[in-house]
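Residues per chain, in single letters:
There are 2 protein chains.
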Amino acid sequence: MTFDPKERFFNFIIHLQQEICACIEDVDGAEKFIEDAWQRPLGGGGWSRVLTNGEVFEKAGVNVSQVHGDLPDLLKGQVPAQSTSFYAAGISLVIHPKNPMIPTTHANFRYFQVTDSQGIILDQWFGGGMDLTPYYLFEEDARHFHKTLKTECDKHTRGFYEKFKLWCDDYFYNSHRKEYRGIGGIFFDHIKPDQELSGERLESYIYGIANAFLPAYLPIVKKRLALSYSSDNKVWQEIRRGRYVEFNLLHDRGTSFGLKTGGRIESIFMSLPPTVRWEYNHTPKEGSPEWETLEVLKKPKEWL
Amino acid sequence: MTFDPKERFFNFIIHLQQEICACIEDVDGAEKFIEDAWQRPLGGGGWSRVLTNGEVFEKAGVNVSQVHGDLPDLLKGQVPAQSTSFYAAGISLVIHPKNPMIPTTHANFRYFQVTDSQGIILDQWFGGGMDLTPYYLFEEDARHFHKTLKTECDKHTRGFYEKFKLWCDDYFYNSHRKEYRGIGGIFFDHIKPDQELSGERLESYIYGIANAFLPAYLPIVKKRLALSYSSDNKVWQEIRRGRYVEFNLLHDRGTSFGLKTGGRIESIFMSLPPTVRWEYNHTPKEGSPEWETLEVLKKPKEWL
Chain A
0 MTFDPKERFF NFIIHLQQEI CACIEDVDGA EKFIEDAWQR PLGGGGWSRV LTNGEVFEKA
60 GVNVSQVHGD LPDLLKGQVP AQSTSFYAAG ISLVIHPKNP MIPTTHANFR YFQVTDSQGI
120 ILDQWFGGGM DLTPYYLFEE DARHFHKTLK TECDKHTRGF YEKFKLWCDD YFYNSHRKEY
180 RGIGGIFFDH IKPDQELSGE RLESYIYGIA NAFLPAYLPI VKKRLALSYS SDNKVWQEIR
240 RGRYVEFNLL HDRGTSFGLK TGGRIESIFM SLPPTVRWEY NHTPKEGSPE WETLEVLKKP
300 KEWL
Chain B
0 MTFDPKERFF NFIIHLQQEI CACIEDVDGA EKFIEDAWQR PLGGGGWSRV LTNGEVFEKA
60 GVNVSQVHGD LPDLLKGQVP AQSTSFYAAG ISLVIHPKNP MIPTTHANFR YFQVTDSQGI
120 ILDQWFGGGM DLTPYYLFEE DARHFHKTLK TECDKHTRGF YEKFKLWCDD YFYNSHRKEY
180 RGIGGIFFDH IKPDQELSGE RLESYIYGIA NAFLPAYLPI VKKRLALSYS SDNKVWQEIR
240 RGRYVEFNLL HDRGTSFGLK TGGRIESIFM SLPPTVRWEY NHTPKEGSPE WETLEVLKKP
300 KEWL
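Sequences listed follow chains A and B, in order. For the first sequence, the residue numbers in numbering that gives the first Met the number 0 are 0 to 303. For the second sequence, the residue numbers in numbering that gives the first Met the number 0 are 0 to 303.
Bound-form chain A, shown alone (with noise of 0.2 angstroms):
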């Protein structure tokens, strides 16, 4: 495989976790981002950069990291048997804004590729997405995220949104509550060139949808941070947020792989919310807003 996006790929996540960071900042106005740079024993490291107590974002972590070495055992079996090395680059970030009324979110994108003793790429795919956890549903925001996405989506190959949303929706479920994270947006792993889609085309999507995360998230944030909120709707938040723990601690397959991997344990655990709530059998009344949200949560919608 001649098509090698490693550089490229690496040098766009750096510039796109500046921007992301600035971005942040700027709608914040209070608290910028610090940044620890780590290194993985085994090979590479990462940065990753955290913005706390923040006026608009109680806790939002940008994470870029760039790791490789010999094959995990792990991985071993899902990939063609002259393997011996592996590379992996991402960005990684969830934001969990202050004000219940201003949705989390989480996205991701990711290149991957194993090599032979040689050196020659043997396989290689990109991984990725982007999704929203409200507390409180404005269903505008919901469209305005998923719109877009598909607009981007549509820029490059038909299909990629239907496709990619049906498969967020599918991921992000909490099964042991019948319940699904959020509201969705686009999730797809183990996507490869091949003779439809061209190395080049591919890594053009994988930008032009990693750069689709700022207009898709920033102008919800900004229509809802002067929203007034009561200490209620903050526990309603924090209850919530009790969710997306229990999603990433039981199911989700990133969280898992990195702490099987030897991965950060702060860099990893950066996506859980600053503060969280378990109440004992917590159920909102019958047409309140909390129960209008847990509605929607109970069956993935067409936004679009």
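The hints are simulated quantities; they were obtained by calculation from the structure and are not laboratory data. Beta carbons: idealized from backbone N, C-alpha and C, even for Gly. Hints should not be assumed to be uniformly reliable.
[As the list claims (entries may be wrong)] Below 25 angstroms or equal to it, Euclidean Cα-Cα: the simulated DSS-like pairs (lysine-lysine) are:
| no. | chain 1 | residue 1 | chain 2 | residue 2 |
| --- | --- | --- | --- | --- |
| 1 | A | Lys191 | A | Lys233 |
| 2 | A | Lys259 | A | Lys146 |
| 3 | A | Lys162 | A | Lys233 |
| 4 | A | Lys177 | B | Lys259 |
| 5 | A | Lys177 | A | Lys31 |
| 6 | B | Lys5 | A | Lys259 |
| 7 | A | Lys259 | B | Lys298 |
| 8 | A | Lys5 | A | Lys154 |
| 9 | A | Lys162 | A | Lys298 |
| 10 | A | Lys177 | A | Lys191 |
| 11 | A | Lys233 | B | Lys284 |
| 12 | B | Lys284 | A | Lys31 |
| 13 | A | Lys177 | A | Lys300 |
| 14 | A | Lys300 | A | Lys5 |
| 15 | B | Lys259 | A | Lys97 |
| 16 | B | Lys222 | A | Lys259 |
| 17 | B | Lys162 | B | Lys222 |
| 18 | B | Lys222 | B | Lys31 |
| 19 | B | Lys5 | B | Lys97 |
| 20 | A | Lys259 | B | Lys154 |
| 21 | A | Lys149 | A | Lys233 |
| 22 | B | Lys5 | B | Lys177 |
| 23 | B | Lys259 | A | Lys298 |
| 24 | A | Lys284 | B | Lys222 |
| 25 | A | Lys284 | A | Lys297 |
| 26 | A | Lys177 | A | Lys5 |
| 27 | B | Lys221 | B | Lys97 |
| 28 | B | Lys5 | B | Lys221 |
| 29 | A | Lys297 | B | Lys221 |
| 30 | A | Lys233 | B | Lys300 |
| 31 | A | Lys222 | A | Lys233 |
[Unchecked claim] Ranges between beta-carbon positions, derived for each pair:
| no. | chain 1 | residue 1 | chain 2 | residue 2 | range |
| --- | --- | --- | --- | --- | --- |
| 32 | B | Asp169 | A | Thr83 | 42 to 48 angstroms |
| 33 | A | His14 | B | Arg252 | 54 to 60 angstroms |
| 34 | B | Gly68 | A | Lys259 | 29 to 35 angstroms |
| 35 | A | Lys233 | B | Asp193 | 52 to 58 angstroms |
| 36 | A | Lys233 | B | Asp169 | 35 to 41 angstroms |
| 37 | A | Asp72 | B | Pro40 | 36 to 42 angstroms |
| 38 | B | Leu121 | A | Gln38 | 50 to 56 angstroms |
| 39 | A | Lys31 | B | Ser255 | 37 to 43 angstroms |
Assemble the complex: chain A is given as a structure, and chain B must be docked to it using the hints.
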């Protein structure tokens, strides 16, 4: 096997639930337990009792369940091949005090039996234990807890405390953090009657150790409940409660078994703390009381 403690054990745990709840209410002085009865669609059910927002206890859950039915797929291969049905009964509790100077505690006692199509018992065992999770360590409390357990264990079979103490340390380990959940206690599973230990002696050990829960824990609560604490102490408690959540969702086999076999979610998650925090890269100052607690959680200690 003629030994069949099913009815006696169930009777015992129902009474123990009563007694524990009464003592907890008595110490709390403000709040009472509420009870929810629930049914398992495939057979059996339980009684969950929860006390929340008390004066002393922020959340205390004491759950009794008795479930039975066709052998779940999950257990096939672990029990004799002719087994067709199972019966399980247990009491499980987690107590989260408000004051960070009082440790959280967990206890669990269970009896398991599998039978063939004629109702003949093919295999049976007991499991259980109790452990302590301090936020601020008072060594005399840890010693009192362990001493109470050892004294009771030694009444029945010498060596049980030593063996079950190691098992407990081994079990309640947050491997991803390289930290123990707390300062241990005892833990045991699949303890079956055999030639050395008759069913009757084993049963009497279980009752003895379960009855030791209140004398092991309550004196610690009473000794620490009037201690003053700061909002920083509370933040530290909430951060450590995050580790409790991580253990229960990532590593606890009981939680995982409950979720996989269709247990009642709200009863399984009664163990989760009421308010929890995840702060990025929180690191206590060397020499601080928080740091001292962490040091002890890095390596199991002999308390006696």
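Hint-by-hint comparison with the structure:
1. Pair hint A:Lys191 plus A:Lys233 does not hold up; C-alpha atoms about 42 angstroms apart against a cutoff of 25 angstroms.
2. Straight-line distance between C-alpha atoms of A:Lys259 and A:Lys146 comes to about 36 angstroms, which puts the hinted pair past the 25 angstroms bound.
3. Between A:Lys162 and A:Lys233 the alpha-carbon distance is near 34 angstroms, which puts this suggested pair outside the 25 angstroms criterion.
4. About 13 angstroms separates the Cα atoms of A:Lys177 and B:Lys259, which keeps this hinted pair within 25 angstroms; it holds.
5. Restraint check for A:Lys177 and A:Lys31: the C-alpha separation of about 38 angstroms exceeds 25 angstroms, so the hint is violated.
6. Under the criterion of a C-alpha separation no larger than 25 angstroms, the hint pairing B:Lys5 with A:Lys259 is inconsistent with the structure, at around 40 angstroms.
7. Annotation: proposed proximity of A:Lys259 to B:Lys298 holds, straight-line Cα distance about 22 angstroms (limit 25 angstroms).
8. Only pairs whose Cα atoms come within 25 angstroms are accepted, and A:Lys5 paired with A:Lys154 is accepted, the gap being roughly 23 angstroms.
9. For the hint linking A:Lys162 to A:Lys298, the alpha-carbon distance of about 17 angstroms falls within 25 angstroms, and the restraint holds.
10. Distance restraint check for A:Lys177 and A:Lys191: the Cα-Cα separation of roughly 32 angstroms exceeds the 25 angstroms cut-off, and the hinted pair is therefore not satisfied.
11. About 31 angstroms separates the Cα atoms of A:Lys233 and B:Lys284, which puts this hinted pair outside 25 angstroms; it is violated.
12. The suggested pairing of B:Lys284 with A:Lys31 holds, with an alpha-carbon distance near 23 angstroms, which does not exceed 25 angstroms.
13. A threshold of 25 angstroms between alpha carbons decides the hint, and for A:Lys177 with A:Lys300 the separation of about 15 angstroms falls inside it, so the pair holds.
14. Distance check on the hinted pair: A:Lys300 and A:Lys5 sit about 36 angstroms apart at the alpha-carbon level, beyond 25 angstroms; violated.
15. Straight-line distance between C-alpha atoms of B:Lys259 and A:Lys97 comes to about 34 angstroms, which puts the hinted pair past the 25 angstroms bound.
16. Between B:Lys222 and A:Lys259, the direct Cα distance comes to roughly 41 angstroms. Violation of the 25 angstroms bound is thereby established for this hinted pair.
17. A distance of roughly 29 angstroms separates the Cα atoms of B:Lys162 and B:Lys222; the hinted pair therefore is violated under the 25 angstroms criterion.
18. Restraint check for B:Lys222 and B:Lys31: satisfied, since their Cα atoms lie roughly 21 angstroms apart, inside the 25 angstroms limit.
19. Under the criterion of a C-alpha separation no larger than 25 angstroms, the hint pairing B:Lys5 with B:Lys97 is inconsistent with the structure, at around 36 angstroms.
20. Between the alpha carbons of A:Lys259 and B:Lys154 the distance comes to roughly 42 angstroms, so the proposed pair goes past 25 angstroms and is violated.
21. A threshold of 25 angstroms between alpha carbons decides the hint, and for A:Lys149 with A:Lys233 the separation of about 32 angstroms lies outside it, so the pair is violated.
22. Distance check on the hinted pair: B:Lys5 and B:Lys177 sit about 39 angstroms apart at the alpha-carbon level, beyond 25 angstroms; violated.
23. At roughly 22 angstroms between alpha-carbon atoms, B:Lys259 and A:Lys298 fall within 25 angstroms of each other, so this suggested pair holds.
24. Restraint check for A:Lys284 and B:Lys222: the C-alpha separation of about 41 angstroms exceeds 25 angstroms, so the hint is violated.
25. At most 25 angstroms may separate the alpha-carbon atoms for a hinted pair to count; A:Lys284 and A:Lys297 meet this at roughly 16 angstroms.
26. Distance check on the hinted pair: A:Lys177 and A:Lys5 sit about 39 angstroms apart at the alpha-carbon level, beyond 25 angstroms; violated.
27. For the suggested pair B:Lys221 and B:Lys97, the alpha carbons sit about 13 angstroms apart, so the restraint of at most 25 angstroms is met.
28. Only pairs whose Cα atoms come within 25 angstroms are accepted, and B:Lys5 paired with B:Lys221 is rejected, the gap being roughly 35 angstroms.
29. Restraint check for A:Lys297 and B:Lys221: not satisfied, since their Cα atoms lie roughly 45 angstroms apart, outside the 25 angstroms limit.
30. For the given pair, A:Lys233 sits about 41 angstroms from B:Lys300 by alpha-carbon distance, which is inconsistent with the 25 angstroms threshold.
31. Proximity of A:Lys222 to A:Lys233 is assessed by CA-CA distance (about 18 angstroms); at most 25 angstroms being required, the pair is judged to hold.
32. Under the hint 42 to 48 angstroms, the C-beta atoms of B:Asp169 and A:Thr83, about 35 angstroms apart, miss the expected range.
33. Take A:His14 and B:Arg252: their Cβ atoms lie about 45 angstroms apart, and the range 54 to 60 angstroms is violated.
34. Under the hint 29 to 35 angstroms, the C-beta atoms of B:Gly68 and A:Lys259, about 34 angstroms apart, fit the expected range.
35. For the pair A:Lys233 and B:Asp193, the beta carbons lie near 55 angstroms from each other, so the given range of 52 to 58 angstroms is met.
36. At about 39 angstroms, the beta-carbon gap between A:Lys233 and B:Asp169 stays in the expected band of 35 to 41 angstroms.
37. Range check, A:Asp72 to B:Pro40: Cβ separation about 39 angstroms, and the 36 to 42 angstroms hint holds.
38. For the hinted restraint 50 to 56 angstroms between B:Leu121 and A:Gln38, the CB-CB distance of approximately 54 angstroms keeps it satisfied.
39. Against the hinted window of 37 to 43 angstroms, the Cβ-Cβ separation of A:Lys31 and B:Ser255 comes to about 40 angstroms, which satisfies the hint.
Violated hints, listed in ascending order, are 1, 2, 3, 5, 6, 10, 11, 14, 15, 16, 17, 19, 20, 21, 22, 24, 26, 28, 29, 30, 32, 33; each of the other numbered hints is respected by the structure.
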